[in-house]
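Number of protein chains: 2
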Amino acid sequence: MNAAVEMLFSPSLQLRTLHSSTCSFSPRIPFRPAFSFRNLDTCGVSRGGRIVSGSSPATPIRSISSATTAKMGFELNSEEARVPPAIPPPNPPISKFKIALCQLSVTVNKEQNIAHARQVIEAAAGNGAQLILLPEIWNSPYSNDSFPVYAEDIDAGGDASPSTAMLSELSRSLKITIVGGSIPERSGDKLYNACCVFGTDGKLKAKHRKIHLFDIDIPGKMTFQESKTLTAGETPTIVDTDVGRIGIGICYDIRFQELAAIYAARGAHLLCYPGAFNMTTGPLHWELLQRARAADCQLYVATCSPARDCSSSYVAWGHSTLVGPFGEVLATTEHDEATVIAEIDYSLLEQRRKYLPFQRQRRGDLYQLVDVQRLNSKETN
Amino acid sequence: MNAAVEMLFSPSLQLRTLHSSTCSFSPRIPFRPAFSFRNLDTCGVSRGGRIVSGSSPATPIRSISSATTAKMGFELNSEEARVPPAIPPPNPPISKFKIALCQLSVTVNKEQNIAHARQVIEAAAGNGAQLILLPEIWNSPYSNDSFPVYAEDIDAGGDASPSTAMLSELSRSLKITIVGGSIPERSGDKLYNACCVFGTDGKLKAKHRKIHLFDIDIPGKMTFQESKTLTAGETPTIVDTDVGRIGIGICYDIRFQELAAIYAARGAHLLCYPGAFNMTTGPLHWELLQRARAADCQLYVATCSPARDCSSSYVAWGHSTLVGPFGEVLATTEHDEATVIAEIDYSLLEQRRKYLPFQRQRRGDLYQLVDVQRLNSKETN
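Line by line, the protein sequences are chains H and D. Residue 175 in full-length UniProt numbering sits at position 175 of the first sequence, and the numbers go up by one each step. Residue 208 in full-length UniProt numbering sits at position 208 of the second sequence, and the numbers go up by one each step.
Just so you know, the hints here were simulated from the structure itself, not pulled from any lab data. The structure presented is a predicted model; accordingly, all values stated were derived computationally and were not measured. Keep in mind that the hints are not guaranteed to be accurate.
Identical copies look the same in the list; a pair holds intra-copy or inter-copy alike.
As the list claims (entries may be wrong) - With a Cα cut of at most 30 Å, we get these calculated DSBU-like pairs of lysine-lysine:
1) K203 - K96
2) K96 - K221
3) K98 - K190
4) K354 - K98
5) K190 - K110
6) K354 - K228
7) K354 - K221
8) K190 - K175
9) K354 - K190
Please put together the full structure from these sequences, using the hints given.
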């Protein structure tokens, strides 16, 4: 990176590594909602939304004339490249703060995993972190055999979910926000890969169930079929916290650019991806995907992996990373257990988007990304 | 890159550097077209398409019940994440061939630029290249002052467009396909940044006019407003050639992931982006964006820049590159004039997509990318 580029980033980051044991779809012409979109609940469903549509979204697509619309100029139809139209990131409750990515060692002993996570979170908060991100599947080995054994009933809470009970207790007592990586969740007769977000009051603000299950097969290198035991989640998850509006994905979810794009269109400041890329996909794509999501969506992307354990059946790549809104790596680590603490500065989001204004240069006359559930929720409000 | 990863790529590439002076749109339930999509003309409009829709696309979005659809399983709705549904890449006429990325030095003398390009293309063809990619704006300095002066009437052809006349002549005589970078085009009272694709018979197979104009402002670093002189193109361009189905973008077009995604959904094997990133955006994003588009779409991406000229008002980054369908850099160069010759092997596309099958793991119940013009063309066929 040359000096000129480095200056652009003005990262003003603090990096510390604590080696712990620490739709419709609406065709562009008929669908012109002028709405307010204030609150997102934990399922990403709007509350208080208001929609004013010039005409029915049932108007057929053939009413679009590209020849006509193109004459409007390429900036005039960008708002329709996102359906419903994109919401700029709101003013966050806080602009600058420290995030901690706790790359935890994971053992076969769940109690020990919970106790260890507690220690690391306390240390990170002691070092000033106001947002803690944990790894994917941090209370259990990552294997289809383990998921049913280590799963917890998050909705029942308390003794039925000691992992999330600990996160709730700490977020309240330490007054921090925790994006709690993920744990196997049991709900009725189903298992999910679930990420819980706790607010500074200790309350569960959101629960994301991995939407895209990790089913891959690279012969001789890496084969895994999460769908053998797990059920896919049903909804994107974006949540307003004391440290900004955060979109959640779990590991394989990061491969689907559409999810990041609809979070960006819902006004996210930050995407958090607990993940456990492996020794094949890690060097191939882990950093690339984080940087691509950040650069394309012009927001912060934070990832957190388990530390590498070469004795486990699934060996994690590690390399938990924070990426800034220009796609620049702000802080990262290797594969050993470590806590990355770095500064997020949301004031850069607006600056970066002003420099490279492609959020308002899209061509809604040529392509539209439909956020099905958000659109659906507007229609039914 | 470790050995295991390297083996995955099995690149079998040849890299030589010749230092020359050389929609609906359709809500997921109502829109279920079972169509054939055989021929793309130069405007990406289908010919011979047939559409069978179970019900009208006018059915309102509220008919979608995510609770219902989610039960179908996450693989069952992937086909609806692209509207119209994605077409797998067709069997290409050729599987393995050499591509040449001719990173040309550009001068203020148009005749000299044309003569020089001719020499470099002939040399590349002599080295076995069957597909030639030229840089963005290779017959003219890259400046708003120059565009009107150097512009040619491509549609009139012949003496009105000596740059494309040369490309047509060479593609026919050398029996190669040329993706002719771009030149300023005059059409009536408008100017475009246009890329011409010539087939092995010398005929103009496609003309892409830059869809997303380069209007950015990074204070003290890089400010450019193409829209001061140029008009944006009106359509994506994908073209069937003797060396596969190729989607075309020009420079800033690469920032818009939607364009790459709709090319992938139209069955592209390869995306070609003539581009002239600068000394600010080049180190930031040039390689990142190429690798991201290739990895997300699982296809080949080729870029070609002018060589760097530090005496010009706009200094190009260089670094013309070929990226494979795992997002891996297969061949690249520095900033000086050079021709990169590398091998493309389309048989890897199917393999990579089998390894990482996310093309069929998308969640059409949660997001849909609408290819407006393709959808529109189906409706009117």
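Checklist entry - Of the hints given before, which are not true for this structure? => result Result: hints 3 and 8 break, sorted rising.
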